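Enquirer: In case you want the letters, here they are:
There are 2 protein chains.
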Amino acid sequence: MKFIAHINVMPLKELLDPQGKAVNSSLHNLGLTMLHDVRIGKHITLHVDAADKADADAHVREACKKLLANQVMESFDFTITEA
Amino acid sequence: MKFIAHINVMPLKELLDPQGKAVNSSLHNLGLTMLHDVRIGKHITLHVDAADKADADAHVREACKKLLANQVMESFDFTITEA
Numbered sequence: 000m001k002f003i004a005h006i007n008v009m010p011l012k013e014l015l016d017p018q019g020k021a022v023n024s025s026l027h028n029l030g031l032t033m034l035h036d037v038r039i040g041k042h043i044t045l046h047v048d049a050a051d052k053a054d055a056d057a058h059v060r061e062a063c064k065k066l067l068a069n070q071v072m073e074s075f076d077f078t079i080t081e082a
Numbered sequence: 000m001k002f003i004a005h006i007n008v009m010p011l012k013e014l015l016d017p018q019g020k021a022v023n024s025s026l027h028n029l030g031l032t033m034l035h036d037v038r039i040g041k042h043i044t045l046h047v048d049a050a051d052k053a054d055a056d057a058h059v060r061e062a063c064k065k066l067l068a069n070q071v072m073e074s075f076d077f078t079i080t081e082a
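In the order they appear, the protein sequences are chains A and B. So the first sequence is residues 0 to 82, counted in numbering that gives the first Met the number 0. So the second sequence is residues 0 to 82, counted in numbering that gives the first Met the number 0.
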């Protein structure tokens with residue numbers, strides 16, 4: 000079966016996010032002062048060939064832990080849908 | 000009212016995504032050959048102070064168009080939830 004995974008990798012809440020801070024300032028300079036607490040991470044989509052959803056889940060989790068997220072600085076979550 | 004926006008900014012399907020291609024190769028080198036068609040974009044979360052959800056939607060859309068997404072190369076979508 001074919002699945003699509005949507006993965007979010009975000010900087011941990013405890014850490015500074017300088018890119019988010021910079022974008023926050025830029026938004027305020029544009030007059031959008033009602034927007035705040037900007038945090039910026041990565042959104043990754045990928046296709047998975049797997050026997051079932053649990054199998055796809057295991058493969059995506061392995062990919063996140065081994066390559067996609069640096070768990071010292073980042074957290075990840077994902078959803079898997081049938082393609 | 001306070002809302003939280005979750006924004007995804009992704010490279011357009013028609014364009015090459017060199018970062019995604021590189022990650023795809025790395026996943027295959029790690030033995031995760033069941034994963035393919037990797038595409039990498041940005042995930043942005045921010046807080047919105049707005050009168051109602053429609054108002055929050057309008058502010059976030061303006062932020063995406065003016066700053067967060069380059070619509071020549073990227074598409075965006077977002078969801079808004081109450082904080």
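You may find that some hints are simply not true.
Note that the list lumps identical chains together, so a pair holds whenever it fits in one copy or between two copies.
Distance condition first, Cα-Cα at most 27 angstroms in a straight line; then the derived DSSO-like pairs of lysine-lysine [claimed, not checked]:
id	residue 1	residue 2
1	41	65
2	52	64
3	20	41
No lab work stands behind these hints: they were computed from the structure. Source: prediction; values computed, not measured.
Enquirer: Give a verdict on every hint.
Expert: Taking the hints in turn, this is what the structure says about them:
Taking the closest pair of Cα atoms, residue 41 and residue 65 come within 27 angstroms of each other both inside a single copy (16 angstroms) and across two copies (20 angstroms). Taking identical chains as interchangeable, the C-alpha atoms of residue 52 and residue 64 lie at most 27 angstroms apart only when both belong to the same chain, with a minimum of 18 angstroms there against 36 angstroms between chains. Taking the closest pair of Cα atoms, residue 20 and residue 41 come within 27 angstroms of each other both inside a single copy (16 angstroms) and across two copies (15 angstroms).
Consistency with the previously given hints is maintained throughout, with no hint failing.
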